[in-house]
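Visitor: First to last, the protein sequences are chains A and B. Our numbering numbers the first residue of the first sequence as 1 and each following residue consecutively. Our numbering numbers the first residue of the second sequence as 1 and each following residue consecutively.
Treat the hints with care, since some could be wrong.
Unchecked claim - Partial selection, computed: residues in chain B whose CB lies under 7 Å from chain A:
id: 1; residue: Trp47
id: 2; residue: Thr58
id: 3; residue: Ala61
id: 4; residue: Asp89
id: 5; residue: Leu104
id: 6; residue: Trp110
id: 7; residue: Gly113
id: 8; residue: Leu115
Hints listed in this document are in silico derivations from the structure and should not be mistaken for laboratory results. The beta carbon of each residue, even a glycine, is placed where N, CA and C say it ideally should be.
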Amino acid sequence: DIVMTQTPLSLPVTPGEPASISCKSSQSLLHSGTGNIYLDWYVQKPGQSPQLLIFTLSIRASGVPDRFSGSGSGTDFTLTISRVEPEDVGVYYCMQRLFPAYTFGQGTKLEIK
Amino acid sequence: QVQLVQSGAEVKKPGASVKVSCKTSGYTFSSYGITWVRLAPGQGLEWMGWITAFNSNTNYAQKFQGRVTMTTDQSTGTAYMELRSLKFDDTAIYYCAKLGPGALGSLESWGQGSLVTVSS
């Protein structure tokens, strides 16, 4: 199975400041036929079910504010929040879906300082 | 709008089985797959497998092979996940999620979760 490794595991951030989370995969997530990278980001806010944040590397899901962005290539990916707001508190996960056995990263807990 | 409503909390003894349901609405059930993910206490999200609704093809995580069965009922738009030979560390919240379009879609919409507690 593909191993997804996230850093950091804990991320305290001051509101209004930027934040970034790194995710690395043990194999490239580039689909040779489509040229797409099948890497998603999900967030689980306190007391809620997880929700899709970004899919196929950099496409924001419906309703996701544009302060969230995804980038990367091959095996290295980054979720960036340009200005953190208090409602962004939660656990963020990357997930690969190029290979049929999907795999999640360990999760990064974002908290407000 | 798309909704996935899961069955309620369950308490099971070690060695027993549990079957969680996920009733969908707001979209054409047969056109999209369903995946199952769990969240154990103090752990991260863990992908368990998926099932295609139109032909019931399944793909299970190796960890659960032989212990899990995912099924669908197209007549009611409901997906099911059965986990057998339960162990204490199967205690978790189990989520179903609708997959996006394509062969390996994103987890677009999620159920509210079903808590399964394994206790003697």
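Visitor: Checking hints one by one. Is Leu104/B an interface residue toward chain A, by the C-beta closer than 7 Å rule?
Guide: Holds, because the Cβ-Cβ distance from Leu104/B to chain A comes to roughly 5 Å (cut-off 7 Å).
Visitor: Once the shortest beta carbon distance from Gly113/B to chain A is found, is it less than 7 Å?
Guide: This hint holds: Gly113/B lies near chain A, its Cβ roughly 6 Å from the closest one there, short of 7 Å.
Visitor: Should the hint that Trp110/B touches chain A count as held when the rule is a Cβ pair under 7 Å?
Guide: holds, 4 Å
Visitor: How about Trp47/B: closest beta carbon in chain A under 7 Å, or not?
Guide: Result: holds, 4 Å to nearest chain A Cβ.
Visitor: How about Ala61/B: closest beta carbon in chain A under 7 Å, or not?
Guide: holds, 6 Å
Visitor: Is the hint on Thr58/B kept, meaning its closest Cβ partner in chain A is under 7 Å away?
Guide: Constraint on Thr58/B not satisfied, violated at 10 Å.
Visitor: Can Leu115/B be said to touch chain A, with a Cβ gap under 7 Å?
Guide: violated, 12 Å
Visitor: Have a go at the Asp89/B hint: is there a Cβ in chain A nearer than 7 Å to its own Cβ?
Guide: violated, 17 Å
In terms of the numbered hints stated before, the structure departs from hints 2, 4, 8, listed from lowest to highest.
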